[in-house]
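**Student:** Kindly generate the complete structure, drawing on both the sequences and the hints.
Protein chains: 2
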Amino acid sequence: MDLRGPLCAGIDPHPSLLHAWGLSDDVPGLERFAMTAVEAFAGTVAAVKPQSAFFERHGSAGIAVLERLLAAARERGALVVLDVKRGDIGSTAQAYADAYLDPAAPLAADAVTASPFLGVGSLDPLFETAEKHGTGVFVLALTSNPEGPQVQHARTSDGGTVAGAVLRSLAQRNAGVTPLGSFGAVVGATIGETSEDLDVNGPLLVPGVGAQGGTVDSVRRIFGSASRHILPSSSREILAAGPDVRALREAAQRANDGFAPLVGR
Amino acid sequence: MDLRGPLCAGIDPHPSLLHAWGLSDDVPGLERFAMTAVEAFAGTVAAVKPQSAFFERHGSAGIAVLERLLAAARERGALVVLDVKRGDIGSTAQAYADAYLDPAAPLAADAVTASPFLGVGSLDPLFETAEKHGTGVFVLALTSNPEGPQVQHARTSDGGTVAGAVLRSLAQRNAGVTPLGSFGAVVGATIGETSEDLDVNGPLLVPGVGAQGGTVDSVRRIFGSASRHILPSSSREILAAGPDVRALREAAQRANDGFAPLVGR
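First to last, the protein sequences are chains A and B.
Sequential numbering of the first sequence, starting at 2, is according to the numbering used here.
Sequential numbering of the second sequence, starting at 2, is according to the numbering used here.
By construction, these hints were calculated from the structure, which means they are not laboratory data.
Glycine included, C-beta positions come from ideal geometry on N, C-alpha and C.
Hints are not guaranteed to be accurate.
To be verified - According to the in silico footprint, chain A covers these stretches of chain B (three or more CB under 8 angstroms from chain A):
hint: 1; region: 121-135
hint: 2; region: 140-152
hint: 3; region: 157-164
Stated by the list, open to error - Here are the in silico distance ranges between beta carbons for each label pair:
hint: 4; chain 1: B; residue 1: Gly78; chain 2: A; residue 2: His20; range: 34 to 40 angstroms
hint: 5; chain 1: A; residue 1: Gly225; chain 2: B; residue 2: Gly78; range: 56 to 62 angstroms
hint: 6; chain 1: B; residue 1: Asp218; chain 2: A; residue 2: Arg221; range: 56 to 62 angstroms
**Tutor:** Shown next as structure tokens:
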């Protein structure tokens, strides 16, 4: 983020985007989309975020494309946040950690997104594996979709919210680490006001910027002092500039420049 | 379940189980494990439940094994509940639905598990796709792990619990459907007492039976009238009988017979 700016460029091979790029909704179309996006973004931005669901749609051949995307992005110097939102318990949580957070795995990423419905402590195998290998985890905390507050604003036994418990747990894991811990949160750009402490001394992955309404001003208002730790994540808006590689890169660069003031660049 | 009994046989190719079966922790070992389990279980029990994490560990080649498992299980007449615990919003949730609940997909299953951290309504694309194709969804509600209650017992704005909101939402979707709706819940066998109404007029996937402590008696006590809709899910206990196919099948049959009284067989 210091070197390249804060933007995390989403790689969402959505069927409608494949169509808009003149590609077919099949494995060759997926491969062309993924490699074009990597070529456009991965030499420029700090992080790319492939959305696993769009690769899983195409079965094992789609996952093989994801493997090639991961290798190609790494070669060009971008970190990869693999958006998988996994969560499970015990040895199954460990298996997800093995799958994505161990550099020896075929699908090794720099970080994954994780879901704490089984309790944030159930994700310990992911945290421990990330710690061991210098990788990271972004845990869902507060999302912008209308159904999110049902769970995320629910009150835990200590009187706080579920989201607050997730954030506090991350802050504890990151305490004292400089410049920033490896355990981040996913917090939507358009959640409105919140009384939660978003400064977890870790990175904040913030979807919903750009086309979905999050601006530099609104992000600064919501995140306050934590704004400097934000990876604003934009997918559809920048991908709409494709399939031309230069146009994609320029769209990403514009978004990156737009959010640079947040991190004091 | 009427024809074969209630058991859902887990297929968890855990590294320690691969080792115990004399197999290597690689793709050929995974394939041998998966196909042995299918041969042992899928002609006998109502449902098998492969745990996706253990296939994802091996990357795209592991997912290709999962594809072959799905096809082989279907050929032998077992339903497949693919344990993926996916959850996302909007078009990404739709992509997961496309990936697993559409019979045309390479990874098509009969049902998946899903996680409602983004609100149970965020899973609508999964419910709608399942409705359209005659497939099903099991949503996490109450789990037995010690960290689970932090989120699942948290109080929503209407004074109920998060788990209660999930269960009510499933009951609404299943209302009036006979003999049973397609939208089930995941409820642990060892959650202890609960005041939630577990009868959602849909199937209940119940891990934690057998080695983990759930017995016919304890299940009947927790689930009451909903006991007849239970798919008790056993993995490690029956898999420990391997790699001999006949021994595995007998272990599954014993577990199946043990829980048959629950469903009035």
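**Student:** For each hint, tell me whether it holds in the structure or not.
**Tutor:** Quick rundown of the hints versus the structure:
Chain A is given as covering the region 121-135 of chain B, and this holds because 3 residues of the stretch bring a CB closer than 8 angstroms to a CB of that chain, at least three being needed. Under the rule that three or more residues need a Cβ within less than 8 angstroms of chain A, the assignment of the region 140-152 of chain B holds, with 9 such residues. Given a C-beta distance limit of less than 8 angstroms, the hint that chain A covers the region 157-164 of chain B holds, as 4 residues qualify and 3 suffice. The hint said 34 to 40 angstroms for the Cβ distance between Gly78 (chain B) and His20 (chain A), and at roughly 38 angstroms that hint holds.
Evaluation of the 56 to 62 angstroms hint for Gly225 (chain A) and Gly78 (chain B) yields a pass: the beta carbon distance comes to about 58 angstroms. One distance hint, 56 to 62 angstroms for the beta-carbon pair Asp218 (chain B) and Arg221 (chain A), holds here, with the actual separation near 58 angstroms.
Checked against the numbered hints above, the structure violates none of them.
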